[in-house]
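Participant: Residues per chain, in single letters:
Number of protein chains: 2
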Amino acid sequence: MSNDEQVTIEGPVCPLPLTHGNQIVMGHGSGGRMSHELITGLFLPPLDNPILRAGDDGGVIEVNKNRFSISTDSHVVWPLFFPGGDIGRLAVCGTVNDVAMMGARPLYLTAGFILEEGLDIETLEKVIASMRSAAEEAGVLIIAGDTKVVQKGKADSLYINTTGIGLIQNGIDIGGARAIPGDVVILSGSIGDHGIAVLGARGDLGFETDIQSDVAPLNHLIAAILQTSNRIHVMRDPTRGGLATSLNEIARQSQVGIVIQEESILIKPAVNSVCELLGFDPLYVANEGKLIVVLAREDAQQVLMTMRNQHYGADSVIIGEICSEPQGRVLMKTSIGSTRVVDMLTGEMLPRIC
Amino acid sequence: MSNDEQVTIEGPVCPLPLTHGNQIVMGHGSGGRMSHELITGLFLPPLDNPILRAGDDGGVIEVNKNRFSISTDSHVVWPLFFPGGDIGRLAVCGTVNDVAMMGARPLYLTAGFILEEGLDIETLEKVIASMRSAAEEAGVLIIAGDTKVVQKGKADSLYINTTGIGLIQNGIDIGGARAIPGDVVILSGSIGDHGIAVLGARGDLGFETDIQSDVAPLNHLIAAILQTSNRIHVMRDPTRGGLATSLNEIARQSQVGIVIQEESILIKPAVNSVCELLGFDPLYVANEGKLIVVLAREDAQQVLMTMRNQHYGADSVIIGEICSEPQGRVLMKTSIGSTRVVDMLTGEMLPRIC
Chain R
1 MSNDEQVTIE GPVCPLPLTH GNQIVMGHGS GGRMSHELIT GLFLPPLDNP
51 ILRAGDDGGV IEVNKNRFSI STDSHVVWPL FFPGGDIGRL AVCGTVNDVA
101 MMGARPLYLT AGFILEEGLD IETLEKVIAS MRSAAEEAGV LIIAGDTKVV
151 QKGKADSLYI NTTGIGLIQN GIDIGGARAI PGDVVILSGS IGDHGIAVLG
201 ARGDLGFETD IQSDVAPLNH LIAAILQTSN RIHVMRDPTR GGLATSLNEI
251 ARQSQVGIVI QEESILIKPA VNSVCELLGF DPLYVANEGK LIVVLAREDA
301 QQVLMTMRNQ HYGADSVIIG EICSEPQGRV LMKTSIGSTR VVDMLTGEML
351 PRIC
Chain H
1 MSNDEQVTIE GPVCPLPLTH GNQIVMGHGS GGRMSHELIT GLFLPPLDNP
51 ILRAGDDGGV IEVNKNRFSI STDSHVVWPL FFPGGDIGRL AVCGTVNDVA
101 MMGARPLYLT AGFILEEGLD IETLEKVIAS MRSAAEEAGV LIIAGDTKVV
151 QKGKADSLYI NTTGIGLIQN GIDIGGARAI PGDVVILSGS IGDHGIAVLG
201 ARGDLGFETD IQSDVAPLNH LIAAILQTSN RIHVMRDPTR GGLATSLNEI
251 ARQSQVGIVI QEESILIKPA VNSVCELLGF DPLYVANEGK LIVVLAREDA
301 QQVLMTMRNQ HYGADSVIIG EICSEPQGRV LMKTSIGSTR VVDMLTGEML
351 PRIC
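Chains R and H, in that order, are what the protein sequence lines are.
This note's numbering applies: residue 1 is where the first sequence begins, and numbers increase by one.
This note's numbering applies: residue 1 is where the second sequence begins, and numbers increase by one.
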């Protein structure tokens with residue numbers, strides 16, 4: 001692909017300050033470029049080890065010849081309840097999914113609660129009931145917990161950390177660095193639903209939408225995929241930072257180029273309308289029940305069929321392929337025939353989306 | 001023991017409101033009675049399973065004949081830095097210790113950060129350096145992380161969740177329900193240091209103290225104990241709620257009585273002075289580097305010697321024994337010859353101590 005075909009568009013417009021001296025700003029929690037800079041610049045150097053350095057959704061450990069995937073996520077979504085889900089369902093699904101992305105079968109979760117003084121007990125009950133139902137759907141048990149309470153004004157109602165562990169079957173070797181040129185990229189459905197649903201629940205839109213969050217446990221979908229093909233190379237759920245950021249992570253980790261087709265990417269009309277109105281690019285809006293699969297071309301059609309037969313994969317499509325170049329970059333063939341460089345999210349578009 | 005010998009003293013004075021309608025209050029985070037009521041009344045019914053119900057410091061799971069202990073803790077200590085430690089050291093040691101209390105060798109930790117917008121990067125760097133050094137001392141790796149940022153005023157600088165996993169060797173079966181009459185209770189050193197050190201750092205005392213927190217990883221001490229005896233029945237670190245609350249938990253879980261000797265319990269003079277001045281009972285003040293061991297009487301002297309030879313066990317003493325009654329209660333023979341019922345902590349004495 002020659003450079004003169006390319007029209008470079010910088011990351012999406014960022015309404016929040018990028019830097020403020022030597023202080024943490026909202027962009028550090030975006031999941032995009034600033035989060036990556038914080039992690040690689042501040043967290044990794046002192047804590048460095050090969051597992052952490054891999055930079056995948058879950059850390060893979062081996063104990064007595066058993067390989068496990070372990071992942072942790074603190075959930076600070078606001079508001080607590082939104083169309084299609086709540087912080088409880090999100091906390092369970094988010095971690096189940098991150099564990100499963102390494103090809104593991106999620107088994108157990110822990111849950112750590114930070115409660116703000118004055119929180120209604122009834123709210124907490126609803127959240128826990130939702131965690132129970134999500135855990136049942138995913139088939140995982142919550143086996144350890146912790147509750148801390150902080151004074152009024154020192155938290156925003158309720159934060160939940162979940163950490164999960166899953167077992168990786170022998171022969172499975174999935175990771176962000178395993179994409180190879182020629183591989184095909186499948187996306188399991190429409191993008192942007194979660195981010196726009198949460199934004200709508202904040203009442204900031206000034207109009208009503210019926211957009212529902214896609215928050216869901218993807219482990220059964222993943223189990224079906226792994227039964228269909230043993231040539232799955234990468235799986236990732238495009239959460240914070242959206243599809244664009246996840247694809248950029250894979251391109252960097254695998255040192256490959258990724259070329260996607262704009263017209264193959266499903267965006268619900270209502271999501272598209274809100275994004276156009278607010279100047280958001282849906283490629284950067286968070287999802288909580290979607291899956292990117294990078295796999296050998298030979299198995300792509302069969303895996304696509306398997307995915308479409310699963311509830312959470314019914315709208316799966318092939319959106320692109322892995323190329324040898326441009327290394328570490330993502331290109332999109334637009335519907336008008338041009339090629340656009342799709343960068344990582346810079347700054348923060350929608351804070352506290354998960 | 002006849003009832004007429006007993007002088008019942010209710011739990012310590014509680015300066016914070018116990019209940020406020022149907023809302024969460026600070027006492028729900030105390031680690032004492034209200035925390036237990038919240039857990040058993042609200043969290044356990046929907047999430048119930050045998051592992052969670054055991055109510056131990058770590059949940060014990062078995063995967064392909066390997067037994068693991070998993071524990072989670074969110075750390076909200078204020079201030080972040082205090083004599084003898086900081087939130088980073090606390091976050092690593094707290095979880096290492098909870099994992100190790102089940103007789104496991106801690107292997108890996110995850111770390112989930114909730115950062116408040118405006119936090120100084122330098123502060124975060126110091127905390128991470130401290131986590132690194134505590135992890136090195138404990139011999140564990142941090143293998144997965146997560147960073148969220150919330151708006152100014154929605155957190156208090158920095159909260160850290162750590163979750164840990166450790167491997168339990170075959171033949172080890174330790175848990176809060178395993179104390180049996182005739183067992184001996186060993187305590188690894190002085191009590192109350194952590195709570196009073198943190199309180200002092202708040203500047204609320206109106207005078208200076210040189211009390212240092214005892215925050216430390218206890219896994220090497222525990223490994224030495226397990227090499228000395230295979231008749232260790234219970235281990236617990238008396239953190240939130242202090243020695244009194246941990247002993248009450250053991251008495252309830254094992255359905256035994258525990259009788260301790262007041263004069264055997266080491267309290268540093270400076271800690272004692274502050275407690276007397278503020279009306280605190282040191283039995284209820286948090287520790288972060290102390291260990292209660294309940295074990296067969298035959299091995300008590302040898303384990304005591306082992307513990308005294310370890311850095312974090314140098315001041316170990318036998319403080320009491322397990323009796324068949326009064327079931328579920330803790331009695332203390334006071335230095336003036338009377339017997340006092342030592343109840344769980346009611347309400348909250350020192351909020352955000354860990």
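Hints in this document: simulated from the structure, not taken from any laboratory.
A few of these clues could be false.
Each pair may be met inside one copy or between any two copies, as identical chains are not told apart.
To be verified - Listed next, the in silico EDC-like pairs over lysine to aspartate or glutamate satisfying Cα-Cα at most 20 Å (straight line):
#1 Lys-154 with Asp-120
#2 Lys-268 with Asp-315
#3 Lys-154 with Asp-204
#4 Lys-152 with Glu-136
#5 Lys-152 with Asp-120
#6 Lys-152 with Glu-116
#7 Lys-126 with Glu-37
#8 Lys-126 with Asp-156
#9 Lys-126 with Asp-48
#10 Lys-152 with Glu-298
#11 Lys-333 with Glu-321
#12 Lys-126 with Glu-136
#13 Lys-333 with Glu-298
#14 Lys-154 with Glu-116
Owing to the predicted nature of the structure, the values given are computational and were not obtained by experimental measurement.
Participant: If a hint holds in the structure, say so; if it does not, say that too.
Facilitator: Verification of the hints:
Taking CA atoms no more than 20 Å apart as the test, Lys-154 paired with Asp-120 passes in both settings, with 16 Å inside one copy and 17 Å between copies. When the C-alpha separation of Lys-268 and Asp-315 is checked against a cutoff of 20 Å, the pair qualifies only within one copy, where the shortest distance is 11 Å, while the shortest distance between copies is 66 Å. Taking the closest pair of Cα atoms, Lys-154 and Asp-204 come within 20 Å of each other only across two copies (19 Å); inside a single copy the shortest separation is 24 Å, beyond that limit. Proximity of Lys-152 and Glu-136 under a CA criterion of 20 Å is satisfied in neither setting, with 33 Å inside one chain copy and 36 Å between copies.
Taking the shortest alpha-carbon separations for Lys-152 and Asp-120, only the intra-copy value of 12 Å comes in at or below 20 Å, while the best inter-copy value is 23 Å. When the C-alpha separation of Lys-152 and Glu-116 is checked against a cutoff of 20 Å, the pair qualifies both within a copy, at 6 Å, and between copies, at 15 Å. Only between protomers do Lys-126 and Glu-37 lie at most 20 Å apart by alpha-carbon distance; the minimum there is 18 Å, versus 37 Å within a single protomer. For the identical chains of this complex, Lys-126 and Asp-156 are intra-copy neighbours only, at 17 Å inside a copy versus 26 Å across copies, given an alpha-carbon limit of 20 Å.
In this assembly of identical chains, the alpha carbons of Lys-126 and Asp-48 lie at most 20 Å apart only when taken from different copies (16 Å versus 39 Å within one copy). With identical chains, the CA atoms of Lys-152 and Glu-298 are never at most 20 Å apart, being 57 Å at best within one copy and 51 Å at best between copies. Taking the shortest alpha-carbon separations for Lys-333 and Glu-321, only the intra-copy value of 12 Å comes in at or below 20 Å, while the best inter-copy value is 75 Å. For a Cα distance limit of 20 Å, the shortest separation of Lys-126 from Glu-136 inside one copy, 15 Å, qualifies, whereas the shortest one across copies, 40 Å, does not.
When the C-alpha separation of Lys-333 and Glu-298 is checked against a cutoff of 20 Å, the pair qualifies neither within a copy, at 23 Å, nor between copies, at 76 Å. Taking the shortest alpha-carbon separations for Lys-154 and Glu-116, both the intra-copy value of 7 Å and the inter-copy value of 10 Å come in at or below 20 Å.
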